[in-house]
Amino acid sequence: MGPFAPEDIAPEERRVHRLLAAVPPRALPVGFRDEVMRRLTQRSAVAWEWIAAGALALPSLAFLAYQLIDRGDELGAVVNNVIAAASSDAADAFFFVDGTTVLALAILGVASLIAAHASIIAPQRRTTAR
Amino acid sequence: MKQRDALLVLGAVVVATLVAAILFAGSLASASSADRGARRPGIFFDPRNSPPPIRTLVEEQRGAPIVLQPIVPLQRGLADTARDAAGYLLVLLGTSAALVLAREQVVSSYRASLGGWRTQLRVVGTGLAVIGVGASAGALAWIVFLGSLATVRAGPLGVPAALQFGLGVFSVVVVVAMLAGIVGFAAEAWRLGDALIGLPWLRRFAGVPPPLIALLGATLIYIAWQVPYAGTVAVLLAFAYALGAVVTARLQGSPQAVSAH
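Those protein sequence lines, which keep their order, are chains P and Z. The numbering of the first sequence is the working numbering, which starts it at 1 and goes up by one. The numbering of the second sequence is the working numbering, which starts it at 1 and goes up by one.
Possibly wrong hints are sitting among the right ones.
[Said to hold, decoys possible] One-sided and incomplete, this derived list gives chain Z residues near chain P with beta-carbon spacing under 7 Å:
| id | residue |
| --- | --- |
| 1 | 12 |
| 2 | 23 |
| 3 | 93 |
| 4 | 204 |
[To be verified] Pair ranges (Cβ atoms, derived):
| id | chain 1 | residue 1 | chain 2 | residue 2 | range |
| --- | --- | --- | --- | --- | --- |
| 5 | Z | 159 | P | 47 | 54 to 60 Å |
| 6 | P | 26 | Z | 122 | 40 to 46 Å |
| 7 | P | 83 | Z | 198 | 58 to 64 Å |
| 8 | Z | 138 | P | 80 | 29 to 35 Å |
| 9 | Z | 51 | P | 66 | 38 to 44 Å |
| 10 | Z | 198 | P | 61 | 37 to 43 Å |
| 11 | Z | 198 | P | 25 | 36 to 42 Å |
| 12 | P | 47 | Z | 136 | 30 to 36 Å |
| 13 | Z | 122 | P | 80 | 49 to 55 Å |
| 14 | Z | 175 | P | 90 | 23 to 29 Å |
| 15 | Z | 207 | P | 70 | 32 to 38 Å |
| 16 | P | 90 | Z | 235 | 24 to 30 Å |
| 17 | P | 27 | Z | 201 | 34 to 40 Å |
| 18 | P | 83 | Z | 231 | 54 to 60 Å |
[Unchecked claim] To be clear about the criterion: a stretch of chain Z counts as covered by chain P if any three or more of its residues have a C-beta under 8 Å from a C-beta of chain P, and this derived list gives those stretches:
| id | segment |
| --- | --- |
| 19 | 45–56 |
| 20 | 115–127 |
| 21 | 210–216 |
Read the hints as simulated data drawn from the structure, not as lab findings. Don't be surprised by glycine CBs; every beta carbon is placed ideally from N, CA and C.
Taking the hints into account, I'd like the entire structure generated from these sequences.
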């Protein structure tokens, strides 16, 4: 093994390492590194994610805000009933939720995840660019 | 922006427009008006009274503008489906969240569960052992805690406050276990989706992105959960596998394990 072989190399990996280490170094074409870095730092993937997240989140946000304004008293009554039921000996309870609200919440969650993914990727690409 | 990205944006905008129309129709259809009587609440919980009866489709259509009236049946059907599928949506959201926010942990759990049937058995066995340890430790902790309440009664806290404290600590422990379970579940769903895609007549879909494969696996686990009786066993095994994958990944990644090899 050469002096630059990794210390933690496994016995079965030695032959492959020796084979690859025997390949003579070759200069990369001019501008190769810049081209690779340019592709890595392309912001388009992040841009479309932000647009998709915004397009999906806005209708759901508007719907939920309208529901909160229009039916806020129902939500308050539900919270009160839940607290009252928790301290009572009721054996049964009735529950109903509008499915459109469930749909809006699910879509908002998906949009938030897309936005989270975009915001996680962006700093990583910026670091790679440096 | 590449052509693929532009298509994705276009798709998202189309979906968003459809969703906006459905949500708008839903808002208008459920709005109250004098000629249609009392509306059904958007959310309702009461231990004593049942919710008011749901409006007929014709009544809801009457409340929407003419342009949106054809959408109202679609909105009604979608709303009913979404209400029934809230649990499934939660499973999909949890899996996606783990894949996005805890990607490294999911990937290491996925790698730890790679292997033949012996590895799979080992992962399930580890998970069952972890569940056993957790249940046993939890029960013993409660016994010790309830036994010590007699001492606390004489102190400044009193029994109710001490019980609330105990419940709070227990809830935190359960949440931590659930977080580990979600990470493991995402890895498990990914493995299951991989196994499904590996079947001879499904190999042509091998190019499907891993997140979609994981969501496919999560869907299968959710369907298995819905099977009467067998669903309980399936969920227990799924939870055991998820915890086992996380613990195996943790053990494989620890410095002691590396030095032992």
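Task: Which numbered hints fail - done: 4, 7, 9, 12, 15, 17, 18, 20 and 21
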